[in-house]
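**Student:** Residue-level listing of the chains:
2 protein chains.
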Amino acid sequence: MTPSAENSSLAVSVAVIGLGSMGLGMARSMKRAGLDVVGYDITPAAVDRFAAEGGRGAATPADAAKDADIVVSVVVNGEQTETVLFGPQGAADTMKPGAVFISSATMDPAIARDLAGRTEALGLHYLDAPISGGAAKAALGELTIMASGSGRAFDTARPALDAMAGKVYELGEAAGTGAAFKMINQLLAGVHIAAACEAISFAAKQGLDLDKVYQVITASAGNSWMFENRVPHVLAGDYTPLSSIEIFVKDLGIVQDMARSERYPAPLAAAALQMYLAAAGAGMGRDDDSSLARLYAQLSGAQLPGSAKEPQSR
Amino acid sequence: MTPSAENSSLAVSVAVIGLGSMGLGMARSMKRAGLDVVGYDITPAAVDRFAAEGGRGAATPADAAKDADIVVSVVVNGEQTETVLFGPQGAADTMKPGAVFISSATMDPAIARDLAGRTEALGLHYLDAPISGGAAKAALGELTIMASGSGRAFDTARPALDAMAGKVYELGEAAGTGAAFKMINQLLAGVHIAAACEAISFAAKQGLDLDKVYQVITASAGNSWMFENRVPHVLAGDYTPLSSIEIFVKDLGIVQDMARSERYPAPLAAAALQMYLAAAGAGMGRDDDSSLARLYAQLSGAQLPGSAKEPQSR
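Going down the list, the protein sequences come from chains A and B.
Number 78 in this note's numbering belongs to position 78 of the first sequence; there are no gaps in the numbering.
Number 286 in this note's numbering belongs to position 286 of the second sequence; there are no gaps in the numbering.
Any given hint might turn out to be false.
What the hints assert, rightly or not - In silico lysine to any residue, SDA-like type, Cα no more than 20 Å apart, as pairs:
1. B:K212 - A:T106
2. A:K66 - A:E120
3. B:K212 - B:T106
4. B:K66 - B:G87
5. B:K31 - B:R158
6. A:K167 - B:D211
7. A:K212 - B:Q303
8. A:K31 - A:S21
9. A:K96 - A:G133
10. A:K205 - B:A174
11. B:K212 - A:G166
12. A:K96 - A:S150
13. A:K167 - B:K212
14. A:K31 - A:S150
15. B:K205 - A:G133
16. A:K212 - B:G172
17. B:K137 - B:S21
18. A:K205 - B:E53
19. B:K137 - A:T218
20. A:K212 - B:G166
21. A:K250 - A:E120
22. A:K66 - A:A121
23. B:K250 - B:A135
24. B:K205 - A:A270
25. A:K205 - B:E262
26. B:K31 - B:E53
27. A:K212 - B:T106
28. B:K31 - B:G57
29. A:K212 - B:A174
30. B:K167 - A:Q215
31. B:K31 - B:A51
32. A:K205 - B:R113
33. B:K212 - A:G133
34. B:K212 - A:E170
35. A:K167 - B:A219
36. B:K96 - B:D155
37. A:K205 - B:G172
38. A:K167 - A:F154
39. A:K212 - B:F154
Derived by calculation from the structure, the hints in this document are not laboratory data.
Sequences and hints are given; from them, build the entire structure.
**Tutor:** Written as structure tokens, this is what we have:
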């Protein structure tokens, strides 16, 4: 599994920290692009899975990062990112001067600014680079990345960005800007999923033909990317998690924390968060985020496709 | 102005009740298509305007409707529609047996069912046919119409529908279905405008480049038809009313009334309605519905384009 000395001296070397559905796809995309990729995950089985397909595994973030030109962190939130960098056996302990840390977790921009400052103080580069697109796009190397950082950070990160992304938005020099753009997107995404579920279950409550509602709304001014994408899950009665309720408990929670600290009222995001919390509390936290439609149905007696077989989730 | 007897015996005869920006455009589209159109409005100046361009005016709904094969009602709500039909000098007094009443106002489906029942009891047809698309599409004869009614109602209405609409959704026989589809669309549209304004002003509060936010979001999962259409008004600082705050005070009010009577919780629509009420209370009721962004800015100190010159509206 160890690459030859010759190979590693030629190829750009990348460490991927976090080999879940997103990180594994990103690691594979970079390997496919000819980069020298080493992977780490807190769960040994995830490292084994990567190793089984010919990937190189590491035992700690520090171990993974020690010869890397680029460290790509694909964890869930700001806290985990801080642990990856500065926790015991953290990547910052071993990264080479001039290497870049690409942070892809969704987080409060203030945390991104803090992590960037501490990383740069060590002579390292930091790219604030949240991702969007889901596991399928990760596997294809077609993610959308909303990135901010110094020119040097972008230059050093470029081979990884090219391999992982279909589109990279370069949003300026300041860390936190990438994170802030992602949070604006998540505010809208979270509200739109809740609105889609509120509307389609309201249509069900009135006994409307839901396939026809989908056809009319997707061609009308009431459409959203999320309505178009998520309502088919409801129409199929299939709540297999492509993205979970808990993701929006987290992300709209960050929006609320940011808004509170900035004295910004965000009543739509607040109302949506309450519905995700209710869905999680009712036992659907790990189900698809379109499960909000089931919640509305439970609360109103609306009949959704497949809902007769669903109450097991309570 | 009176057409020759020969002409009126050949052409389908249509009465348009309500010659505002929507009704006038619809009347013009039908004239252009060769229909024999007579117009009425409660405001005499609106009738004069139609007459000045060669239209035929009437003094009351009953007068307009008396020789019509088709009566198109283009008023604001269910109450006004009831007055047009059954008020003093109402259209139902004079409509010919077998003529059709096309109701285009946005209203509670229960009201649409009531009006349809009373109209059909007189030997007339009723088409529950809310419209979408705005004044520009009305003028071009390219509205979207969400219609329900009997086969006879559709058949009789066809020449008018063909002249007014780019797309007619035929949603079944039952009156109220067209209205219900329109309310589902309005729930989503109203929530999405509020979400767009909450998000773009939140981006402004954080000092983000708003043109870049527009570019990124319209290409991302956070996009909606309304975000794409309304945020440019905010970026231009132009709140000239294309559709007003008061429209959504009305339409989300209907959604709330329906939801309350059906015991359906609709917290997203409820939160959005509060913001439209606040904008109307703050003096922006007749301004463009994207004025919600100015409200968020006033409540948070966010700086929007052109906002320095806007506080006159308070």
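**Student:** Which of the listed hints are not met by the structure?
**Tutor:** Violated hints: 3, 7, 9, 14, 15, 18, 21; rest satisfied.
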